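Put chains B, C and D on the given structure of chain A with help from the hints.
Order-wise, the sequence lines are chains A, B, C and D. Take 77 as the starting number for the first sequence in the numbering used here and just add one per residue. Take 77 as the starting number for the second sequence in the numbering used here and just add one per residue. Take 2 as the starting number for the third sequence in the numbering used here and just add one per residue. Take 2 as the starting number for the fourth sequence in the numbering used here and just add one per residue.
In case anyone wonders, no lab produced these hints; they're calculated from the structure. Just so it is clear, the structure is predicted and the values come from calculations on it, not from any experiment. Virtual Cβ for every residue (Gly too), placed ideally from N, Cα, C. Each hint should be verified, as a subset may be incorrect.
Said to hold, decoys possible - With beta-carbon atoms standing in for the labels, derived distance ranges:
1) A:His-293 <-> B:Gly-127: 36 to 44 Å
2) C:Met-223 <-> D:Met-223: 49 to 57 Å
3) A:Gln-89 <-> D:Asp-48: 35 to 43 Å
4) A:Ile-212 <-> D:Thr-230: 54 to 62 Å
5) C:Met-223 <-> B:Pro-238: 51 to 59 Å
6) D:Glu-201 <-> A:His-293: 55 to 63 Å
7) C:Ala-222 <-> A:Glu-210: 16 to 24 Å
8) A:Thr-309 <-> B:Gly-299: 55 to 63 Å
9) C:Pro-243 <-> A:Ala-444: 24 to 32 Å
10) C:Gly-91 <-> D:Glu-292: 45 to 53 Å
11) C:Glu-271 <-> A:Asp-441: 27 to 35 Å
12) D:Gly-118 <-> C:Met-223: 26 to 34 Å
13) D:Gly-293 <-> B:Gly-236: 50 to 58 Å
To be verified - Some chain B residues well away from chain D (every beta-carbon gap over 10 Å; in silico):
14) Ile-99
15) Gly-225
16) Arg-305
17) Glu-310
18) Lys-400
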Amino acid sequence: MKLYEYEGKQLFQKYGIPVPPGIVASTVEEAVAAAEKLGTPVVLKAQVLVGGRGKAGGIVKADALNEVREKASKLLGSEIRGVPVHKLLVEKAVTIEKELYLSITMDRVSARPIILASAMGGVDIEEIAREHPEAIVRRPVDPLLGLKGYEARIIAYKLGIPKEHLSTFAKLLQGLYRLFTDYDAELAEINPLAITDQGLLALDSKVIVDDNSLYRHSDLLTGESRAERGEMTEYEEKAAELGLAYVELDGNIGIIGNGAGLTMATMDMVSYYGGKPADFLDLGGAASHERVYKATKFLMEHPRVDVLFINIFGGITRCDEVAKGIVEAVKEVGAKKPMVVKLVGTNEEIGWKILEEVGIKVFKDMEAAAQLAVKLASEKRGVSRDGHTG
Amino acid sequence: MKLYEYEGKQLFQKYGIPVPPGIVASTVEEAVAAAEKLGTPVVLKAQVLVGGRGKAGGIVKADALNEVREKASKLLGSEIRGVPVHKLLVEKAVTIEKELYLSITMDRVSARPIILASAMGGVDIEEIAREHPEAIVRRPVDPLLGLKGYEARIIAYKLGIPKEHLSTFAKLLQGLYRLFTDYDAELAEINPLAITDQGLLALDSKVIVDDNSLYRHSDLLTGESRAERGEMTEYEEKAAELGLAYVELDGNIGIIGNGAGLTMATMDMVSYYGGKPADFLDLGGAASHERVYKATKFLMEHPRVDVLFINIFGGITRCDEVAKGIVEAVKEVGAKKPMVVKLVGTNEEIGWKILEEVGIKVFKDMEAAAQLAVKLASEKRGVSRDGHTG
Amino acid sequence: MVILVDENTKVIVQGITGRQGSFHTKLMLEYGTKIVAGVTPGKGGIDVHGVPVYNTVEEAVAEHPDANTSIIFVPARFAADAVYEAVDAGLKLVVVITEHIPVHDTMRFVNYARIKGARVVGPNGPGVISPGKSKVGIMPGNAFRPGKIGIVSRSGTLTYEISSALSRAGYGQSTAVGVGGDPIVGTNPIEVVKMFEKDEDTDLIVLIGEIGGDIEERVAAMVAKGEITKPMVGYIVGRTAPPGKRMGHAGAIISMGTGRAEDKVRALEEAGVPVAETPSQLVSLVKKMLEGR
Amino acid sequence: MVILVDENTKVIVQGITGRQGSFHTKLMLEYGTKIVAGVTPGKGGIDVHGVPVYNTVEEAVAEHPDANTSIIFVPARFAADAVYEAVDAGLKLVVVITEHIPVHDTMRFVNYARIKGARVVGPNGPGVISPGKSKVGIMPGNAFRPGKIGIVSRSGTLTYEISSALSRAGYGQSTAVGVGGDPIVGTNPIEVVKMFEKDEDTDLIVLIGEIGGDIEERVAAMVAKGEITKPMVGYIVGRTAPPGKRMGHAGAIISMGTGRAEDKVRALEEAGVPVAETPSQLVSLVKKMLEGR
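Isolated chain A, as found in the complex (with noise of 0.2 Å):
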């Protein structure tokens, strides 16, 4: 789960990392209200979930309490790259003498939290990879033990954080490094981490919480759902209901896989055949036909899927369930779409019986499967096509 700058902020605050004084507005008059107490001249930040928020138009100067007026009405409401703005994080604007960059996230090699941090800040982490892979120090911190304090020290003098500011990097550094592990943080990001006028100040936060442990961090469940923070898109959210683990893309043709990796395997092939991908669904292990049917008639009520393209490989799974969900999906929408299916594996002669009796054609080959899905995908939106002219 990704958090709002202003959320993170509130973490940032729990763990002693200093930020600006800051309020957050839902409406015009809260964010005058806001900028009222905390003196202008403000900075107004539209907190949705997007990255480049800054240059879509995001964050903007207010110096007077009429400009923020002015500047709010524009935001609130408005849309940044495609997510609407519910909420501004109204901040005293401070003057920046330096920007540094700050993360905490998982090292996949070493199987441990990772440190980077750069005394360029304010641009992506890609950007400073990228063009200044030296400028970036990176050290991977013991889980069992924390960051000690002299690691936090060392990263500081390799970053040349001027002596006035060591022991506070230091702590704000052992802090981040806490929060990620209290709140079992993927990314725990500062960018910018500003040497200010004020001091050292995390002017951004950008905190990624795993989903997997959210059962223990109840305080951070606000109600709001995933949809509504911008984090999926509403199917994806209807299928998080049903339990499916699925991503919307935007092509024509539904796919269903067991196995994450066999699943996007059945994307790149059609891919790789000419065709779109609608979605990546991934029925996961020892799917019952009651999972099969869900799924199926997800996909076949899913107003981008043209086609759908099943591809089982029955291990564990058994395809005479699998088999048996496509039926009942069938049954219940109507084969208004076509499909294909691929189904191998336990019990497979079962299965294609079961399809075959309802006239739906199986393939044991998945490339011969996915290249009839792209040809009727393609037909169907030739027919579509048609439809809309004719």
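Frame of chain A, contents of chains B, C and D only:
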């Protein structure tokens, strides 16, 4: 710092360790009100930091409110083993099916926390250890990892905890372990941990917090002094304020040494030659003349001290500094009490000269010095007795 | 020789009385895996498919001192504790099937196991199979057959699909390792590839990768440096996955500028490792490399 | 051979710019100890008594790769961090002088050092001296002289008193180790006694114990079992200490039925280790044991 039972139980609740419903009362009226709120029968428990409170009459059951009034009146203001009772813990009485023992302390050999548990609770662990050593389960814990759930379960199985209490016990023990580490405890003990009609309950608490860690546990500091809590004598508290490591004893030979080992050796030697030490007072390392002055003056003014025996090995501590401090004290207080000084080591000759100038005899051999101190003390007692009888 | 598991592997199943644990115990026994004991707290004394169940791993190991491996089916919230229990009991290989384990838990138990000299495989993976010798996992045994191909994969089903295609084409497997779909796993493909390089029963390595992280790039770098000399064929899925989205596996995500399939494919190809675009291509590439030798 | 420190000991002083650190650096240098660097965060670049100072141990070790030992004088709140820094930088002996370190901190860093193969001596102790070779501690050098007596002690000053009495009587010391007065120490007397048993430069062991814990009883048990064969003389202080009271040292306390001096004396005597009642008796016992051989 030792915590009162009710303080320990407050921590228990914070860590999910179930305790009987209870209310602290400082007056008889409060005790009656508490009993009314809890519902009788209740148990009244004197909040004093001494062992054997139960046997000394500090824990009584009251079946009705008039009995609460009567017994609370008796307890409040009385003394339990010499310690005045200022507070009672009024607890709802429970029916005990079985009493267990559970504690976490530090194991000096493995340098790890160690869990001690026994199915024979309700008596001192010393007694169990002496009479049924085989009935104690001991399990050291890796302090870097903490107590894992499976370890708590293993202990539960070894104690023969009934199935219905297994998971409560494991959670309770993990809570106790977290309390032990979070609060830097030297000891966290539940005795008895009882299986009752209300489930598993911690019926008593004994928590000792490492004094060296108190700077990070400001929530434990109540403003009550250590003397008021009955943890120190008045003189011990005074010495602590002066920064002296001092323990009051019941003899009449005042002892000052530098280094805990040497000071204990001095006490032992005095006793070996038939004398009785009035205290343990360790100047610590590299003692300055101010420190020596303070310590000397403190003991010269102590009513129970008849003779002063100062035993110094000057290593890093300089003998001239020690001599200077002694002379300052003697000059201020006057040489009312005989003084025996053993002083060897760095700058010893300067030290001897300083002391001899004011007429203080100096020894190089601690045994000869100890013998003299004992002799002087017995004479003094003689004089003092004469004085009384004369 | 094969890697990780073989005929000397003696398994304890943690969470043996659960639905999954019990079902796969049966399948592993049928495959011929030597399962010596099961563990479920509070269920000690019963047996599951003839396997005796204990309350604790400590007890199971005391009764079955030849046990050397654990496979874990316990729910995510209790899985970390189960790993500690296995490692502390002295088991040297711990295969974690459980998915949805918080990744910070995984980081800690993986590092703990390392200190104690134990190896974790998984979590969120199908386990390990050395066909004909031992299966410590949930893969369908009939998709594999003994041979000389070492497979390391971040995916489950895709691996079965590919190994069964390889098997049909006459290319059996020495060992197939599903490292698991989480971002942090106990044994990553780099380590598995190194094991295959040393394994005399492995002639060719199949690396099945996916988006997320840069482990495949690092394998490519090892090949480029000559640290891996055995022939290798790659297959990377997720070419069509959008950045910032998790594709089923928690670890399958393009983020912070790393993890793109195209970068992995390029790195491997530049190191001389041919990369297939489809499973059937992969089989052809294996054929070509082995016959070309 | 001696134990723990000798002429190859190359020391880094952590907290070198503090009052104590600076003072004892001077005394150690005067004694002949090889001090290669000092560390105080933020003070890198200066020197103390000719010893170069660095901001971090990592840096100091990079510049002085022969460093193998650290002595720590930093305040209690920062001492644990200093130990981690020394251990992580690869130093294999860490002598902690600092007192008042929270004992949970000590438990953690002692266990961490063990995992990393480093040894901690202390905290709250005088350190280690191998007379004539190296002094890594705060003991007065002139109380010691080279010889064949190994001293292990929980006390500082009492050790100086006894070693100077032994020295005067002609009995020099191989090594004297002050293990520290805290309940938990990095190296306990059991371990030191074992080292002396193996050390060819040590002929006789003097064990100076005090109330608290049961380490002395465990040493006695080792002697009784024949695991320690060298002659040993004991001295236990605190016979007159009341139970439940800390006698200066955090570790010197009789509690929960253990730690009484009388139990320690009895255990040693039953194991055949004579126990002195005064320092002069101790010297006589040493004399008797060595001449009796």
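Tested hints:
no., hint, result
1, A:His-293 <-> B:Gly-127: 36 to 44 Å, "holds (43 Å)"
2, C:Met-223 <-> D:Met-223: 49 to 57 Å, "holds (50 Å)"
3, A:Gln-89 <-> D:Asp-48: 35 to 43 Å, "holds (42 Å)"
4, A:Ile-212 <-> D:Thr-230: 54 to 62 Å, "holds (59 Å)"
5, C:Met-223 <-> B:Pro-238: 51 to 59 Å, "holds (56 Å)"
6, D:Glu-201 <-> A:His-293: 55 to 63 Å, "holds (60 Å)"
7, C:Ala-222 <-> A:Glu-210: 16 to 24 Å, "holds (18 Å)"
8, A:Thr-309 <-> B:Gly-299: 55 to 63 Å, "holds (58 Å)"
9, C:Pro-243 <-> A:Ala-444: 24 to 32 Å, "holds (27 Å)"
10, C:Gly-91 <-> D:Glu-292: 45 to 53 Å, "holds (51 Å)"
11, C:Glu-271 <-> A:Asp-441: 27 to 35 Å, "holds (31 Å)"
12, D:Gly-118 <-> C:Met-223: 26 to 34 Å, "holds (29 Å)"
13, D:Gly-293 <-> B:Gly-236: 50 to 58 Å, "holds (54 Å)"
14, Ile-99, "holds (29 Å)"
15, Gly-225, "holds (20 Å)"
16, Arg-305, "holds (14 Å)"
17, Glu-310, "holds (15 Å)"
18, Lys-400, "holds (19 Å)"
In this structure, none of the earlier numbered hints is contradicted; all agree with it.
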